[in-house]
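Going down the list, the protein sequences come from chains Z, H and Y.
Counting along the first sequence from 1, when you hit position 171 you're at 171 in our numbering, and nothing is skipped either side.
Counting along the second sequence from 1, when you hit position 59 you're at 1059 in our numbering, and nothing is skipped either side.
Counting along the third sequence from 1, when you hit position 32 you're at 2032 in our numbering, and nothing is skipped either side.
Quick caveat, the hints were computed from the structure, so don't treat them as lab data.
Treat the hints with care, as some may be off.
Claimed, not checked - Here are some chain Y residues pointing at chain H (derived, C-beta under 7 angstroms):
#1 F2103
#2 G2106
#3 Q2184
#4 G2274
#5 G2277
#6 T2279
A virtual CB, placed ideally from N, CA and C, is assigned to each residue, including glycine.
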Amino acid sequence: MVNPRSFMRAGVAAGAIALAAASASLAPLAAQAAEPLKIGFSMALTGGLAGAGKAALIGMEIWRDDVNKKGGLLGRKVEFVYYDDATQPANVPGLYTKLLEVDKVDLLVSAYGTNLIAPALPIVMRKKMVFPSLFGLAANEEFKYDRYFQIMPAGPNPLTDWSWGFFELAAAQNPKPKTIAIVAADAEFALNAAAGARKNAQAAGLKIVYDKTYPPPTTDFTPIVRAIQATNPDIVYVGSYPPDSVGMVKAANEVGLKVKMFGGGMVGLQFASIQKNLGPLLNNIVNYDFWVPEPTLDFPGVKEFLAKYQEAAKGKGVDPYGHYLPPFAYAYLQVLEQSVNAVKSLDQAKLAAHMHKATFDTVVGKVKFGKNGEWAKSRVLMVQFRDVQNDNLEQFAGPGKRVVLYPKEWKSGDIVFPYKQ
Amino acid sequence: MKSAAFWGVLAAIFAGGLVLTTVVENEYYYNAFYLILQATLMAVAWNILGGFTGYVNFGSAAFFAMGAYTTVALNKALALPLPLLILAGGAVGGLVGFGLGYLTLRLKGVYFAIATLAMAIVIETFIANWPYVGGARGSYMLTPEKHLWFDSYIQMLFMVMLLLTLTAVVISRVLNSSRLGRGLAAIRDDEVAAESAGVPTLRLKLVSTTVMGAMMGVAGAPFPYFVTFVDPVSAFNLFIAVNAIAMPMIGGTGHWIGPVIGALLVGTTQEIVKVTVSSELNVLIVGVMLVVFITLAPQGIVGLVQKHWKRKQ
Amino acid sequence: MISADLFSNAIVAGILLGGFYAAVAIGLAIVFGQLDIVNIAHPAFIIVGAYIAYILNSRFGLDPILIGLLAAPVFFFVGALIYRVYFLAFERTGQESLSGLAFFFGVMFIIEVVLILIYGFDYRLVQADYIGQSWRIGFVDFPLRMLVPFAVAAALTAAIYLFMSRTFMGRAIQAVAQDRLALQLMGADPVRIKQWAFGLGIATTAIAGALLIIIGPVEPSVGRLYIGRAFAIVVLGGMGSIKGMFIAALILGVVESMVSTFAGPSWSPAVAFGFLGLTLALRPAGLFGRR
Chain Z
1 MVNPRSFMRA GVAAGAIALA AASASLAPLA AQAAEPLKIG FSMALTGGLA
51 GAGKAALIGM EIWRDDVNKK GGLLGRKVEF VYYDDATQPA NVPGLYTKLL
101 EVDKVDLLVS AYGTNLIAPA LPIVMRKKMV FPSLFGLAAN EEFKYDRYFQ
151 IMPAGPNPLT DWSWGFFELA AAQNPKPKTI AIVAADAEFA LNAAAGARKN
201 AQAAGLKIVY DKTYPPPTTD FTPIVRAIQA TNPDIVYVGS YPPDSVGMVK
251 AANEVGLKVK MFGGGMVGLQ FASIQKNLGP LLNNIVNYDF WVPEPTLDFP
301 GVKEFLAKYQ EAAKGKGVDP YGHYLPPFAY AYLQVLEQSV NAVKSLDQAK
351 LAAHMHKATF DTVVGKVKFG KNGEWAKSRV LMVQFRDVQN DNLEQFAGPG
401 KRVVLYPKEW KSGDIVFPYK Q
Chain H
1001 MKSAAFWGVL AAIFAGGLVL TTVVENEYYY NAFYLILQAT LMAVAWNILG
1051 GFTGYVNFGS AAFFAMGAYT TVALNKALAL PLPLLILAGG AVGGLVGFGL
1101 GYLTLRLKGV YFAIATLAMA IVIETFIANW PYVGGARGSY MLTPEKHLWF
1151 DSYIQMLFMV MLLLTLTAVV ISRVLNSSRL GRGLAAIRDD EVAAESAGVP
1201 TLRLKLVSTT VMGAMMGVAG APFPYFVTFV DPVSAFNLFI AVNAIAMPMI
1251 GGTGHWIGPV IGALLVGTTQ EIVKVTVSSE LNVLIVGVML VVFITLAPQG
1301 IVGLVQKHWK RKQ
Chain Y
2001 MISADLFSNA IVAGILLGGF YAAVAIGLAI VFGQLDIVNI AHPAFIIVGA
2051 YIAYILNSRF GLDPILIGLL AAPVFFFVGA LIYRVYFLAF ERTGQESLSG
2101 LAFFFGVMFI IEVVLILIYG FDYRLVQADY IGQSWRIGFV DFPLRMLVPF
2151 AVAAALTAAI YLFMSRTFMG RAIQAVAQDR LALQLMGADP VRIKQWAFGL
2201 GIATTAIAGA LLIIIGPVEP SVGRLYIGRA FAIVVLGGMG SIKGMFIAAL
2251 ILGVVESMVS TFAGPSWSPA VAFGFLGLTL ALRPAGLFGR R
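With these hints in hand, go ahead and build the complete structure from the sequences.
Encoded structure:
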């Protein structure tokens, strides 16, 4: 999207950098003379995922500026070459081909979201580029590309690891839940989440009493919630996208859904604007997350990063706090940065080998990749909303509202069980 | 255009395409050309029913998607080669088109247009609930390793699409200038009058809807190999339907060359805008061009040229 | 699995949903049903209405329905203006069928993209006291988030019904659809009347938009989802019959709700549109046809 203001801001910033460079000492002059190092990607700047895509881009730009302040990569200034994929998978192959063939970028990273990562893979594989990747759920499952690295901490078996925490928590309660309802949106991520939940439910010996999907453009969720209520499940696992997450939570509240646990795989409850709108309706919902401002997750650098993000995000219409995606958008570039610095070249084979064996220190903690390019160990958090007040955005900035229940390593509080009586 | 000249131009374009694949290596251009050709094929197909016969089809994306999903299903079941998949896509599209033709018996004008819209949604729901082809989750296609004598698979796809589009243009031209085409025009101008004048309206309409459906199915069949990931949202994209309507309207619906001109103009603009400015402006451009053209030049570019021609004489 | 409790709740939810659908379709029942103008952009105007409700609600805390009522006159004039363009470009030259369709298609896309360029693709919501509350009578729930839109839609339908049958302008609008010549003989200007009717149709979208954003979050392209439904309702209702439209809207709402409760929600769109397809094929004049 063209935003004249951001153009101007970019111009001013570029001018400032040029001035700074001119007035700097002679040493970085050599670096300035070398050709810039180009990192290419497509990003959802319009379309369904644009809100998150733009937030990710802000995080990535903070990384770029940080790296250039340190003198760039391999002594070269880092530049981004990126295009808007408009959240349309069909655009992606063309854009990645262009990045490789016309723009001749030095490194590639992925777009945001499974549907936009997967279409790029065949092209990336043909050129054997390393492919740090931003939030694709099991996108590499069918390609099995050995230079794919996923920053989302879904773990080595993304489909089941995704909801495992939810079921572990349920199993630990007294009385132990016996029945479960699974409901999911008819689209890629939600169906995968539901499939994983189904496996986990069977493994945990839960009886599945309701298992249905709904089309994402559903207007009214009360009939669905009522049908779930009629089967009388102990717990409910929901795989949903932002608009339906809102609809589900509201409907559950209106119908007075009586279950012991509710949530699991609801996308959208991580975003501040939706949190503010739902307010107290969120209380006691247990849902996945990747990073929340709890003291147990205070990794080195993350506060500084978020401060920069929150400053940059003002007035851009993106998530004001940026807890969910931006730290990971920063981290997947940190992985690339640390690898390039370690092998001191852009040799893709060497970079891939390094990424496979090294442990990376990032703003989202220590990252170690497994064989299939996913995190070697899952870190899908299960958080529970607590004491959320009405119509108050600021409450979500700090700790206490989203308590980490699982995994134990990062736990910051105990579960409130049951969800509602 | 005289026949000899027409065939000469077609041959020259095809040869040009072949030469291009030996000269230009940059894969990006083939991607862009492919999308433009795909849009052209869709526009030519839409125009056979919309322009020649006067029935507006809002459900173009459904025909396109059926071609694409035929490929997904058959590739999974039998692993057929591409030419057979294209034939199959065309057959399925044509069959559904044939069925749509029978709808015109009862539904005229606006009702028909709405029925096509409803049809697209029903078909999309079925595909989204059919796990074999990936359902709503979508399914991946790996590009085959083999690509004949071409340097890459996308080059081959580009040539395939070029051949298909040229064939469609030939068919469209034949339909437009033959007796059959005059029958279709009679239906467009006044169906009741045509019927009473002895024009076999149902038969002609069936030909028209079947050819349109088959062409759209053919256009969709190679799509899974092109994108490597197909889900209902991208295959049934409304944008495909909008382009299929807007391009002929901008180029001019009465003449076979209209949709070709419209598609080349709009498609090229879109591809340029996509990489230079933004993808969202793409849609805005089609919208604005569509509205401006039909308000100010309802006969499209072809109509403008014809008017200019007449004034000169 | 079918219990009286579940069944009656599904019916009630369907009726409430159907009432909202009536608000979505009523403008189209005038514009498409009476004037034969295929305004495919109708839902896009509803989205504009929803965004206006969002902007004024988040900035001044006004009630969304009040905003819808305030915005309606503005929408009226915009609608009248659009009709003017439409008349000059298409109706006067007799090209409304094909070009007119494409014209509104283009308008729809322009509205959608402009909204995206300004507000992005994020889902927008409104705040109001009744959102989130629920009444319960026996074992039947009445969520206010659905009940309030239903009440407003019913009132809107009643108002337009009375307007159409009691006032001169209303009768003239119906006459335009049926007998243009007689109208001209009476000394009324059909173009002016149609302009009025089109404005009225667009004005209702301001209110429908406010109702839409009360029910759930809105982003610029959700309007597309209502194109098929709105036209389905108008056709089922028998083109232009306000009463028929309201009943058709309720039927569609109940069908969707029943299917999503008992057969699984993923089938509800196909069932609703399959229903439409059947009606079109078997009884094109709709259930309550004017012809």
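Quick one: which hint numbers does this structure break? Sort them smallest to largest.
-> 3 and 6
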